[in-house]
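Student: Single-letter residue listing:
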Amino acid sequence: MDFDFIPEEEAFQKEIHEFLAREMNEGIIAETESLKGLGPHGKELLRKMGQQRLLAPSWPEKYGGRGLSAVTQGIVYMEMGYFQAPWPIDGLVIGPTLLRFGTEAQKEKYLPGIAGGEIEFALGYTEPEAGSDLASVQLRAVETDDGFILNGQKTFNTETHYSDYHWLLVRTDTDVPKHKGISMFIVDLKTPGITIRPLYTSAGLRTNEVFYEDVRVPKESLVGEKNRGWEYAGSALGTERILWSGDMKLRFEQFIKYLAEDTRYPDIEVESPCTLEELAELKTKLHISALLSYRAAAMHDKGLPITYESSLSKLYGSETRQQLFRTAVRALGHYGELTGGSKWAPLRGMMEQEYIDSCRWTIIAGASEIQRIIIARSIGLPRK
Amino acid sequence: MDLSLSEEQEMLKNAARDFLTDKCPKKLVRDMEEDEKGYPPELWRGMAGLGWMGLIFPENYNGSDMSFLDLTVLLEEMGRACLPGPFFSTVILGGLPILDAGSEGNKEKYLPGIASGESIFTLALTEPSARYDAGAIEVEATSDNNEYVINGTKLFVPDANVADYMLCVARTGSGARDEDGITIFIVDARNPGISCSLLKTTASNKSCEVIFDRVRVPGENILGKLDKGWSVVQRIMERAAVAKCCEMVGGMQAVLEMTVEYAKQRVQFGAPIGSFQAVQHHCANMLADLDSSRIITYEAAWRLSNGLPGAEEAAMAKAWTSAAYQRVVSLATQIHGGAGIMVDHDLPLYFRRAKAAELAFGDSRFHYRTVAQGLGLGAK
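If you're matching them up, the sequences are chains A and B in order.
Numbering follows this note's numbering, in which position 6 of the first sequence is assigned residue number 6; successive positions increment by one, without gaps.
Numbering follows this note's numbering, in which position 37 of the second sequence is assigned residue number 1037; successive positions increment by one, without gaps.
Errors might be hidden in some of the hints.
In silico DMTMM-like links for lysine to aspartate or glutamate, alpha-carbon gap of 25 Å or less [what the hints assert, rightly or not]:
| no. | chain 1 | residue 1 | chain 2 | residue 2 |
| --- | --- | --- | --- | --- |
| 1 | B | Lys-1355 | A | Glu-278 |
| 2 | A | Lys-302 | B | Asp-1070 |
| 3 | B | Lys-1013 | A | Asp-4 |
| 4 | A | Lys-384 | B | Glu-1312 |
| 5 | A | Lys-62 | A | Asp-4 |
| 6 | A | Lys-14 | B | Glu-1312 |
Only part of the chain A face toward chain B is listed, based on derived beta-carbon distances under 8 Å [to be verified]:
| no. | residue |
| --- | --- |
| 7 | Phe-3 |
| 8 | Leu-279 |
| 9 | His-287 |
| 10 | Ile-288 |
| 11 | Ile-364 |
Covered stretches of chain A (chain B as the covering partner; in silico rule of three or more C-beta atoms under 8 Å from a C-beta of chain B) [what the hints assert, rightly or not]:
| no. | segment |
| --- | --- |
| 12 | 5 to 19 |
| 13 | 251 to 262 |
| 14 | 291 to 298 |
| 15 | 312 to 320 |
| 16 | 365 to 372 |
It is worth saying that the hints were derived from the structure and are not from the lab.
Bear in mind the structure is a predicted one, so any value in this text is a computation, not a measurement.
By construction, the Cβ of each residue, glycine as well, lies at the ideal position given by its N, Cα and C atoms.
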């Protein structure tokens, strides 16, 4: 048993931490906090990181990585979250799935660009009728002589408006049980027939409806084998679900610092906007959340099969996130209601924004209810 | 990073599980709840024969020289089995402190007996105030030539009714802080001034009132240094808290397995209740509590075992696990329905032990205050 990083991991953490401390700037942070997606400052940062092979250290060197451990990849996410760097999470999540299931041509075409911070991918799973019941996807891919024609609609596709490629879950067969007729495609978002319409959450996050009208894509767009998309989605989701809490660590530190300087309550032991126990419990849960995430990565490194561990990391981390921002906003009292841009708003109104935004975290990447079902089934509880 | 047990630890765990499944069935657990001593001598001898008492002591004291982390593997199995008896008291509250703070003379005199299972030890720390801070220590030890005379009452002392020796935490002086002037004495339990009576507790663990009436102790029986005992007490508390977490994790594992088994078998509305979403969600929550407790407990144990600073992790582990075990037994009770609250069902054994474990060596509030200290908030 060893809870420490191995020397390569420690060295990498030091390297990326120092890099981000140097390269992060207000322009990037403003883009991240705007919730409007990747902007020019963020893109510039990702390119620089890509050049230094800091984005995908766990990938093979020939694809732009360093051949390091999955734990190292987790360190990337933790540090980028902590510094509020934009997360190219999609490409990074899609990468491992491509590594496992993609053709060699696909790996060579896309992986170096993702690892280099040059190209962005958007997830294309959710539809109006396919949320938790993702296997009910209806966006149809009909095979032709030289490729496929795509028709249908996606929704809540959050990265599409700034991405180069769509990682698209489509229906290729309607005559089989629904999860057996699904395929995964990589679609160039410049292809004619694709319309992107913005949607906004109540926190101000930009997401999108994406319409496919007779979109013609070449045969090479198909990832791996036809009708095996459900398996590929499962693999991608398994990686995506490991929740990395670097940004929560930053916000907790900002919250504590705020409390330490809060002149409304000179002595937290005598009277305080929240109890020391609440704060200690939050600190403990953030610590445990990080351990659960690294555990999933460490299991991957040891070749151990992950059954529920990434689901648990997502469940635990997302609920802790909500507890964190619920507590912070409450502790700020009336100041907690003030939104960014308001006079008197503490911390640029970020606690309020995070609080409203925190709602989606127990819904995206598999709602908490779905995660609990996955966990329950993994310990042997039967289906209905 | 590797969060798994070593091969040797897996073997130790499996051997312990086999032994306890065979020699510590639930019938024995229940019988010992009614028994005056609280443990059967044959089981104690069996454990000693396997080298369990001596596991972490150096070989020259009859021990196996294994690590604290190795011991946690045993403790988890003991929690799973609801093992009755003074193992925890003897090894964690007696032997470890002597190993940690004792003179060569103390170690030579007491450790071999602990390792071989001949001697039973405990720690007399808490008093009627039932608090774990230094200010709560009021039992006095006054010096008289080369001896000390101890007077006062200790309460909630585990296994004092069967102990051969007690480590008694007493006040020998005063200073600027409550922590100054505290001394630990190794006291022979057969001393005529000691009277011990068994309290009745929810977990039927042998918790005692121990009255010290002019109990004379030789000067060389001081463990560590005069007036400087509190830092030793803190280290004992740290290890005891983590060791208790290991027992709790083992108990949670048993409760979850029992509950999943039940949910698969119990049929209502034409289907096993384990297929219902509410039940599945409860079980998932139980696993979340079990895994999160195990991971923070292992981290704390690993740090302490490797001589790394671990006070904060130990506090996190005890605070979190204490609350987690409560939730686990509550959800398990819900899922078991009427069956699970009956006196002859195994689940209440765990339910009651979860409460006792929560309270031992500081509950969530106590340990979260330690964690909060690290946040740097305080009077401005």
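Student: What's the verdict on Lys-14 of chain A and Glu-1312 of chain B, does the C-alpha distance respect the 25 Å limit or exceed it?
Tutor: holds (24 Å)
Student: Under 8 Å, Cβ to Cβ, is where Ile-364 of chain A needs to be relative to chain B, so tell me if that hint holds or is violated.
Tutor: Nearest chain B Cβ about 18 Å off; hint violated.
Student: Against chain B, run the beta carbon of Ile-288 of chain A and see if the smallest gap drops under 8 Å.
Tutor: holds (5 Å)
Student: Examine the segment 251 to 262 of chain A for residues whose CB is less than 8 Å from any CB of chain B, and state whether their number is three or more.
Tutor: holds (count 3)
Student: Examine the segment 5 to 19 of chain A for residues whose CB is less than 8 Å from any CB of chain B, and state whether their number is three or more.
Tutor: Satisfied; 3 residues make the cut.
Student: For the hint on His-287 of chain A, just tell me whether its beta-carbon gets within less than 8 Å of chain B.
Tutor: holds (6 Å)
Student: Do at least three Cβ atoms from the segment 291 to 298 of chain A come closer than 8 Å to Cβ atoms of chain B?
Tutor: The restraint on the segment 291 to 298 of chain A holds, since 6 of its residues have a Cβ under 8 Å from chain B and three suffice.
Student: Check the hint pairing Lys-1013 of chain B with Asp-4 of chain A against an upper bound of 25 Å on the C-alpha distance.
Tutor: holds (24 Å)
Student: Mind checking the alpha carbons of Lys-1355 of chain B and Glu-278 of chain A for me, to see if they're no more than 25 Å apart?
Tutor: holds (21 Å)
Student: Can you confirm whether chain B covers the segment 312 to 320 of chain A, using C-beta to C-beta distances below 8 Å and requiring at least three such residues?
Tutor: That given contact holds, which follows from 3 residues of the segment 312 to 320 of chain A lying within Cβ reach (below 8 Å) of chain B.
Student: So if I understand the rule, the pair passes when the alpha-carbon distance is 25 Å or less; does Lys-302 of chain A with Asp-1070 of chain B pass?
Tutor: With a Cα-Cα distance of about 22 Å, the restraint between Lys-302 of chain A and Asp-1070 of chain B holds, given a limit of 25 Å.
Student: Tell me if the straight-line CA distance from Lys-384 of chain A to Glu-1312 of chain B falls inside 25 Å.
Tutor: Roughly 44 Å between the alpha carbons, so the hint for Lys-384 of chain A and Glu-1312 of chain B is violated.
The structure fails to meet hints 4, 5, 11 from the earlier list, while all remaining hints are met.
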